[in-house]
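**Q** Top line first, the protein sequences correspond to chains A and B. The first sequence begins at 1 in the working numbering and counts up one residue at a time. The second sequence begins at 1 in the working numbering and counts up one residue at a time.
Think of the hints as simulated: they come from the structure by calculation, not from any bench. Do not rely on the hints blindly, as some may be mistaken.
Covered stretches of chain A, as calculated for chain B (at least 3 residues, CB under 8 Å) [unchecked claim]: (1) 20–26; (2) 77–91; (3) 99–113; (4) 121–130.
One-sided and incomplete, this derived list gives chain B residues near chain A with beta-carbon spacing under 10 Å [stated by the list, open to error]: (5) Met1; (6) Val15; (7) Gly16; (8) Tyr21; (9) Val22; (10) Asn39; (11) Gly55; (12) Thr62; (13) Ala64; (14) Ala67; (15) Gly72; (16) Thr79; (17) Ala84.
Values in this document were obtained by computation on a predicted structure and should not be read as measured data. Just so it is clear, CB atoms sit at the ideal spot from N, CA and C, and this is done for glycine as well.
The chain contents come next:
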Amino acid sequence: MSAARGDEVVAVALGGVVGALARAAISTAVPHSDRAAWPWATFVTNLLGCLVLGVVLDWVDHRQPEWKRIHPRRARLARPLLASGVLGGFTTFSTFSVETYGLLTTGHAPTALAYAVGSVLLGVAMVVVGRALGAAAFGAAPLDLREDEAL
Amino acid sequence: MTPLTILLVALGAAVGAPLRYVVERRLVGAYPWGTWVVNVVGSAVLGATAGYVVGQGTTDSTAALLALVGTGFCGSLTTFGGFAAQVLDLAAAPSQVPLSSRSWRAFGYGTISVLACVGISAVCYAATSR
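Could you put the whole structure together from the sequences, leaning on the hints where they help?
**A** Spelled out as structure tokens, the structure:
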């Protein structure tokens, strides 16, 4: 729909590096060497990321009108830096896909199904909980502010 | 993590995350196809990389490849948080669409994302691991 501006792209890159390094630190601390085992590192990383993303989205939405008046640059960059950058880089779909396939191919189809469905349902639930926590802390944000914005 | 691993993950992420943002900004519509595309592409590339590394065995160079392309680039090109937030957005808005239709849209987007990403990573993994 619209081209991304240069400073937004830089903000996403910076945030993405921070998020990816945090994810790499967790996967190093909790190695996933057995493809037949439950992928705990990715599971916890994605759910934690969804929870924090919900809080961040609510916080940014809530602050947006004030920032647009006083800090137009912050209003534009907060979401790319924190949501698309840090939390987009922290959470991952590709590792989730390969791990689900790993469970399937090692004869653990029920575990694969539980991992896939559980990650999605709990991930969405974590965003809801995060947004509710954000609304409780910062006040409710009008939902329609999120229309048309890239995550 | 060694300093080299940190550098490789950071380099991959510095390319993957902004690429996702640019694609998402280009492909905005009734459904978040931009996120769908980066998740499918990232799953394909990671499947191929992981399969190749399994076929080659763990060496310094395959570990570096996994850090740069896998953990760094694919990990940051794809997003689970953005995906989950979008499933929720599809279910939440617009309010003039009945809740049952919105729920089906969210369910459909979620299902198509998971099936496409797991499917393409399986195909790519199988192709490179032999």
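**Q** Work down the list of hints and note, for each, if the structure agrees.
**A** Against the structure, the hints:
1. 20–26: It holds: at least three residues are needed, and the segment 20–26 of chain A offers 5 whose Cβ sits within less than 8 Å of chain B.
2. 77–91: holds (count 9)
3. 99–113: It holds, with 4 qualifying residues against the three required.
4. 121–130: holds (count 5)
5. Met1: Given a least distance of 5 Å, the restraint on methionine 1(B) holds.
6. Val15: holds, 8 Å
7. Gly16: Holds, about 7 Å.
8. Tyr21: holds, 4 Å
9. Val22: holds, 5 Å
10. Asn39: With a minimum Cβ separation of about 4 Å from chain A (threshold 10 Å), the hint on asparagine 39(B) holds.
11. Gly55: Glycine 55(B) check fails; min Cβ-Cβ to chain A is 14 Å, beyond 10 Å.
12. Thr62: violated, 14 Å
13. Ala64: violated, 13 Å
14. Ala67: With a closest approach of 8 Å, the alanine 67(B) hint holds.
15. Gly72: holds, 6 Å
16. Thr79: holds, 4 Å
17. Ala84: holds, 4 Å
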